[in-house]
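Peer 1: Sequence:
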Amino acid sequence: MKISLLFNESAGDGVSSEWLCETLKKNGHGPVHLIEKDDFEDVLRDSPELVVAAGGDGTVRRAAEAVAGCGIPMAILPLGTANNIAKSVGIDGSIAKLIEGWDGANRRPLDLGIVRGAWGKNRFLEGVGGGLIPAGIAAIKAEPGDDNQDADERVARAVRGYRDVLSRLEPRRWTLTLDGTRMEGEFLILEVLNIRSVGPNIVLFPDADPSDGYLSVVTAEEEHREEVADYLHCLIDRRDGRVSLPTRLARQVEIQGWGEIHVDDRLLRSPEIGTVSIDIEAAALDVLV
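Residue numbers (this note's numbering): 7 to 295.
Quick caveat, the hints were computed from the structure, so don't treat them as lab data.
There's no promise every hint is true.
As the list claims (entries may be wrong) - Here are the simulated DSSO-like pairs of lysine-lysine, each with C-alpha atoms no more than 27 Å apart in a straight line:
| hint | residue 1 | residue 2 |
| --- | --- | --- |
| 1 | Lys-127 | Lys-103 |
| 2 | Lys-32 | Lys-93 |
| 3 | Lys-32 | Lys-147 |
| 4 | Lys-8 | Lys-31 |
| 5 | Lys-147 | Lys-103 |
| 6 | Lys-103 | Lys-31 |
| 7 | Lys-31 | Lys-93 |
| 8 | Lys-93 | Lys-103 |
| 9 | Lys-147 | Lys-127 |
| 10 | Lys-93 | Lys-8 |
| 11 | Lys-8 | Lys-127 |
Using the sequences and the hints given, assemble the complete structure.
Peer 2: The structure is reproduced here in structure tokens:
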């Protein structure tokens with residue numbers, strides 16, 4: 007099987023491109039067109055039969071954007087810290103075992119979100135939101151961690167940052183329109199999700215289905231602050247925990263009142279963000295599971 011391999015060596019799992027290519031060939035896959043981080047626009051150049059995203063969530067998103075609508079399936083080799091997308095579709099285990107399993111794998115449809123605003127248009131796989139998540143992303147980027155930490159330690163450090171942000175976060179007023187129904191409120195968290203988790207494995211809606219053709223709109227108000235803080239504490243201590251926050255499903259979402267938002271792991275900051283519209287592109291691509 008002809009493969010385009012998108013590889014982000016800096017994702018942090020100690021896997022080399024040479025080992026990956028050799029393992030793919032040992033399992034009968036090839037030729038392999040290796041595409042490293044700075045050349046991701048070449049994904050479809052050699053007409054691959056499968057596009058493999060080997061890296062973190064950013065690598066997976068860029069691969070998904072490349073294959074959306076073209077009929078070529080995507081496989082995920084999770085090498086990042088959070089690996090939110092892989093975990094949301096049940097992809098887990100050693101890289102070698104995942105590759106061995108492709109021959110008998112199923113193709114699962116995967117939705118993509120589309121967000122439009124004054125800046126233009128972006129696709130997303132994880133989510134778009136305001137409040138805690140973009141504030142947490144900004145805090146973590148301002149204080150980079152130790153590159154020598156393993157993935158679990160990096161996740162715990164990041165969650166501690168989110169917990170600290172939550173302790174001083176003020177609710178913000180937003181107006182939402184969900185499939186034509188208008189609502190408003192003052193929220194600590196406002197997330198429009200395609201998958202169950204964002205950031206450092208923060209699961210905001212455990213039942214989110216990235217194949218159902220719906221967006222999951224999750225909100226948290228002041229009354230939910232303690233519940234969210236307790237959940238973050240569980241993550242830091244590596245204990246089981248979950249939140250049960252108000253959630254509504256919708257195909258089209260419009261939100262007014264944005265000032266700072268995230269689109270997956272990217273931050274947008276502007277007093278002129280204004281109204282944002284968010285739609286779902288159902289079954290935009292297939293992923294091997």
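Peer 1: So, against the hints stated earlier in the document, which numbers end up violated here?
Peer 2: When the structure is compared with the hints, numbers 1, 3, 5 and 11 turn out to be violated.
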